[in-house]
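Can you make the complete structure from the sequences, with help from the hints?
Going down the list, the sequences are from chains A and B. Under this note's numbering, think of the first position of the first sequence as 1, with each following residue one higher. Under this note's numbering, think of the first position of the second sequence as 1001, with each following residue one higher.
Hints in this document: simulated from the structure, not taken from any laboratory. Careful: at least some of the hints might be erroneous.
[To be verified] Restricting the straight-line Cα-Cα distance to at most 27 angstroms, the calculated cross-link-like pairs of lysine-lysine (DSS-like) are:
no. : chain 1 : residue 1 : chain 2 : residue 2
1   : A       : 463       : B       : 1237
2   : A       : 483       : B       : 1210
3   : A       : 506       : A       : 233
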Amino acid sequence: MQRIGVFVCHCGTNIAATVDVKKVVELVRFEPGVVHAEDYPYMCSEVGQQKIAEAIKEKQLTGVVVCSCSPRMHEATFRNCAEKAGLNPYMVEVANIREHCSWIHKDMEEATKKAVILARAAIAKVNLNTPLQAGESPVVKRALVIGGGIAGIQTAIDIAEAGYKVDIVEKTPSIGGRMSQLDKTFPTLDCSSCILTPKMVEVSTHPNITIHTYSEVDKVSGFVGNFTVDIKKKARSVDLDKCTGCGVCQQKCPMKKVPNEFNRELNTRSAIYTPFAQAVPNVPVIDREHCLMFKTGKCGVCSKVCQAGAVDYEQQDEIITEKYGAIVVATGFDIIKLDKYDEYAYSQSPDVITSLELERIMNAAGPTNGHLERMSDHKPPKNMVFIQCVGSRCADHRGKSYCSKICCMYTAKHAMLIRDKYPDVNVTVFYIDVRTPGKNFDEFYRRAVEQYHVNYIKGQVGKVAPQPDGSLLVQGVDLIDNKQIVMNADMVVLAAAIEPNPDIRKIATMLTASIDTNNFLTEAHAKLRPVESPTAGIFLSGVTQGPKDIPETVSQAGAAAVKVIGLLAKDKLKTNPCTAKCDVMMCNGCSTCANVCPYGAITYEDQEVRGPGVREVRRVAQVNVALCQGCGACTGACPSGAMDLQGFSNRQLISEVDAICR
Amino acid sequence: MKYSYYPGCTLKNKAQDLDLYARRAAVALGFELVEIPEWQCCGGVYPLGTDEIASKLSSVRALNYAKEQGQDLITLCSACHHVLKRVNDDMKNVADISDRANNYMQLDAPYKGETTVVHFLEVLRDRIGFDELKKKVVNPLTGKKIGAYYGCLALRPGKVLEFDDPENPQIMEDFIRALGAEPVIYPYRNECCGAYTALEDKNIPAKRTKMIFDSADGFGADMLITACPLCMYNLNKSEADSKVPVYYFTELLAEALGVKEGVEQ
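Structure (structure tokens):
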């Protein structure tokens, strides 16, 4: 029989205001196995933990139940406390009477009843708990960063500076990401390339960093400290070592009609190309979909003009396999498609553009060499209208529920830059709210209004109507004046919502990292563990976790690096002992468990089985505890009941259910 | 294929062309419009009062009749299409309205929104297919530049009507292409014509229709087509200089199919 102590936490008033904690103590005192029960305002505090430790020693407790917040919050705290007091940490269970009870109920009587039931279930489980021993696994001292934008670059540099090896996998032909497409950056208006390019060079020359561009993560297995990753290096068709980056091939390529993704398809590029002049590596790729050589077999101009003999039409995709201790996801964002917002006539008029397109137009290396002009007739605009929140803060199914966070600031930036460079251009901004929290942000916005006389109108636009003469009629509403507005514009700029890179779903599945309804990666804790995924060993950097601007992205990238460094600095990690175990007496080798195992942790072997009246060689399941994550899929699937999860055995779970139904 | 056909009041007087040419086109396209016996007016406007069921009952009767026949319910008029689809959605998804309507109706079996309501254009698009329609065209309207005028009722609310994207509809443009003509895209094709405000203040539809005609004409439309008798009324009353002829889409359909002078069912 266990000797169980029950500790009921008030959590200040978080629990005690809704649950009668004294009553819980009184009622659980007589549960089977309970020899001690008490309550305290803050069990997680030093004094609270002291109470648990003292009770373990004085009452010779063999099991502990803490009725408190979610185990995700403090299970580790209480298990450490018990371990220090000489109890096996896996003899401690948490009954979640805060998130699962006090926070979601109002009626005290009902909530107290439920808290008692939750406590009873945990007590019933502890009665069947057995001490478990955590194993150890080594840590591979190398990190993988997925995505080579500013987030990935910063994380990689910070990890590498601490002395660990880092690999960056970038899908496109060059690192640099969204930031490389931007013209100027708020709130200081320094040129984006000028501050990014040095970092790109640093990352590409750092002895601890290896960059795989034009590559994708293909397969991930393993676990924290010990991931095995297959990286698919797409055929570049140009030898990275031989190419000198002279650019002649791009000039001579006869296929120049390929939409230029880097310039948001505002102009075209050649089939052999580097996305932009400062690309790292400065080695082109052949876009096989558009290359005449690949389409018709007749061309070969680039190969002929290449002095270095770097062009290789025969190159094949290559898969390399590497081992990593930690993986950082920094896959960034794109803007939403605007096909559901055609009231703004984006598909109808080339003069209705997105803000990212405007960045390219304003950029000296962009399609118009930095001249502000309409894409329809290449004439300079006279009246520009900016529309905020296109698809952001959207209540219906068309857009995103969240605020994209960066649009207010970059629109103020665009408006200010235009008014500065082209004082004759009238600039109007339609907004719902102007949101400028951030250092020097509101001052920046006020400069746009006060110094540059940008016309800010609180209200939304209902329609942008292209007129037969090529101008655009903007119909909107001014909520402060309470009147309808109709104005002529010759260019309209849409601040389209941002969304996570669409590849994130595939990547999150490979990493078993959870994502939210908007496809942002979920943090382990929204406030206290913002750069870690709930999946151990997976870290988040940049917009992949939620909308953020460059300063915030860089901060978060550094934070993710610190977490990675903390992990890589350890030589060994404690493994979770709550793994599956096969009872060979009951296993009939049917393979059901192996088929459902997401981690490939189950193999089969022929084993001699000895038991009462049984002595034979049988094919039975074997669990590799280093791979098993304790998800329990196999225990549910096993038709003969041979698979059991240690710490969550079938008997324990059923006794919990029994206790709840009692 | 047989459809329970709900013509609606206007198609029996002011908008007889919309009805007549649809019947002739249906013969040519090989589907049958079986007019619902004793159908009643849909009310013309979807009643927005949430506690009001009386004005929805005529729609429920028509919908239930189609259900009993095991047929889909087809309609032509934008307003009928709008009201029938919305009432059908209520019967399917709004328990309060559905319960009260059924309590009142005392049908053999309660009506729960089982009938599928389709607009004539949806039949052309989704069941016959514009490619098939194109094959059946004998008098292609080659060279004609036609602006589709959707109005507001045919498209909104988009989630309930599921007719087309309210902000960038394509169905009528594809229809125009199928007939061999060239669609003219102009921004006011999905804007309201002024609708019933004509009863109160004639200036409103006058302003709206001028804007519509100016834009359509400016983008080079020779004519407009519509599916809505109310739009037709307001557009016809317009005194805009830029006025172009307006036809029901079924008239052009019958013409292209060579059955303008044909026989209807």
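Here's how the hints hold up against the structure:
no. : hint              : result
1   : 463(A) to 1237(B) : 25 angstroms, holds
2   : 483(A) to 1210(B) : 22 angstroms, holds
3   : 506(A) to 233(A)  : 17 angstroms, holds
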